[in-house]
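Undergrad: Chain order of the listed sequences is A and B. The first sequence begins at 1 in the numbering used here and counts up by one. The second sequence begins at 209 in the numbering used here and counts up by one.
Warning: the hint list may mix true and false statements.
[Stated by the list, open to error] Pair ranges (Cβ atoms, derived): (1) A/A109 / B/D355: 47 to 57 Å; (2) A/T178 / B/Q255: 52 to 62 Å; (3) A/P2 / B/L311: 53 to 63 Å.
Just so you know, the hints here were simulated from the structure itself, not pulled from any lab data. Heads up, the beta-carbon is just placed ideally off N, CA and C, and yes, glycines get one too.
Protein chains: 2
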Amino acid sequence: MPDFIIFEDNDPLRESLVYMLNSDKRYKVVYESNSCEHAASLTRIHQPDIVLMDIDMPGISGIEGVKLVKETRPETAVIMYTVFEDDEKLFACLCAGANGYLLKKTPPARLFDAIEEVLEGGAPMNPSIASRVIASFKKKQGNQKYDLSPRELEVLQLLIKGHSTKIIAATLFISFETVRSHLKNIYNKLHVNCGKEAIAKVLNERIL
Amino acid sequence: MPDFIIFEDNDPLRESLVYMLNSDKRYKVVYESNSCEHAASLTRIHQPDIVLMDIDMPGISGIEGVKLVKETRPETAVIMYTVFEDDEKLFACLCAGANGYLLKKTPPARLFDAIEEVLEGGAPMNPSIASRVIASFKKKQGNQKYDLSPRELEVLQLLIKGHSTKIIAATLFISFETVRSHLKNIYNKLHVNCGKEAIAKVLNERIL
DNA sequence: TTAGAAATCACTCAAAAGGGGGATGCCGGT
DNA sequence: ACCGGCATCCCCCTTTTGAGTGATTTCTAA
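Using the sequences and the accompanying hints, generate a full structural model.
TA: Written out as structure tokens, the structure is:
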């Protein structure tokens, strides 16, 4: 049963979302909040599968909120639920790692579809949003969500072939210790703790 | 009259094969080579009906050779003619598209039978080879070429999520040392030396 | 019935990997 | 001129892993 957290400052709307989701026995809202103030710690504590996030909230915006959630727990799917239709906020959210982008005019039934869609790894969004995203692909290349340096990429590519630190060092003609440094930085950027996790993450999420 | 190409680096053997086949007025050897270096272009040029292919050759192996021939001209029948009886090479050849697999200990008379067999669309192979192929089909469904036990599969599935030995042990409610035993066996069966290589191999070759 | 697998656990030893520091030099932007 | 990112290297220390051996139990198939 997927766990939800809802960030939405409009009280009636938030409550009706909570009510809707909890009415469906497939879902469970484990937390609701009217601000992104503690998005990171809430995510760490509740380990939600899906986060519904408004953009326009007092204090920390939903765009920052997405970053906080994703940095804390990248596997949590974040669906933006907002009135904003302008490109700037849209792309800011997607760059921050949002999995879906729904307008508040979206009928509730479509919301449930969207939830199922993200659970299956999809990226639900309104048609008008989708077309803008497609259009942007002509130039925008969303590779570096992990912001790895060129050298780190080289090291990572060797790592995911299963090579040891020694072999990587020999291959790149640099010292063992340097490779270790790169690996430490890579692990931090990928939010993993060891090479095995890194390989698993990269290959499963086809990051490279 | 079916045309032959023979790839065999052992000169006396290759020459005797050529002599044998050309002595039979039903067959014609249109080319012979001691390496698979130009297997693709030779196949394109001579359009052979049958290729006799050794496995162990300097440079490009016969296994690669089969691929080259089959990619160039799928209707050409390839008969592997080799001393190797081990499963790994056998299955590699069959996966690469070999039509038959004969051991060099096969008497010449049987070789002619085999040629007729492939010309009729059959798949000639020595009984010992055939039995291994049949045997492999029982398990081939579940996990493919690596014959992992059910428990080993469970461990491997956790491994490729990047989990540590400790975590795997806790997840399966077995001891740390048992997981280590399973991992050692898995590494042997996958022909790798460490977990990172195993993850890389499994995910890159989408074995699971 | 017995030989062989599968699964379980244990112990040793050495190598590899991970986490924490810190240091240097280079380069680009403010 | 200064700061930050990048790449390079070094040290210390702990944990994890790999490799080798060996043992027990259970179950199945020859």
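Undergrad: Indicate, hint by hint, whether the structure satisfies it.
TA: How the hints compare with the structure:
The hint said 47 to 57 Å for the Cβ distance between A/A109 and B/D355, and at roughly 49 Å that hint holds. Range check, A/T178 to B/Q255: Cβ separation about 54 Å, and the 52 to 62 Å hint holds. Separated by about 57 Å at the C-beta atoms, A/P2 and B/L311 satisfy the suggested range of 53 to 63 Å.
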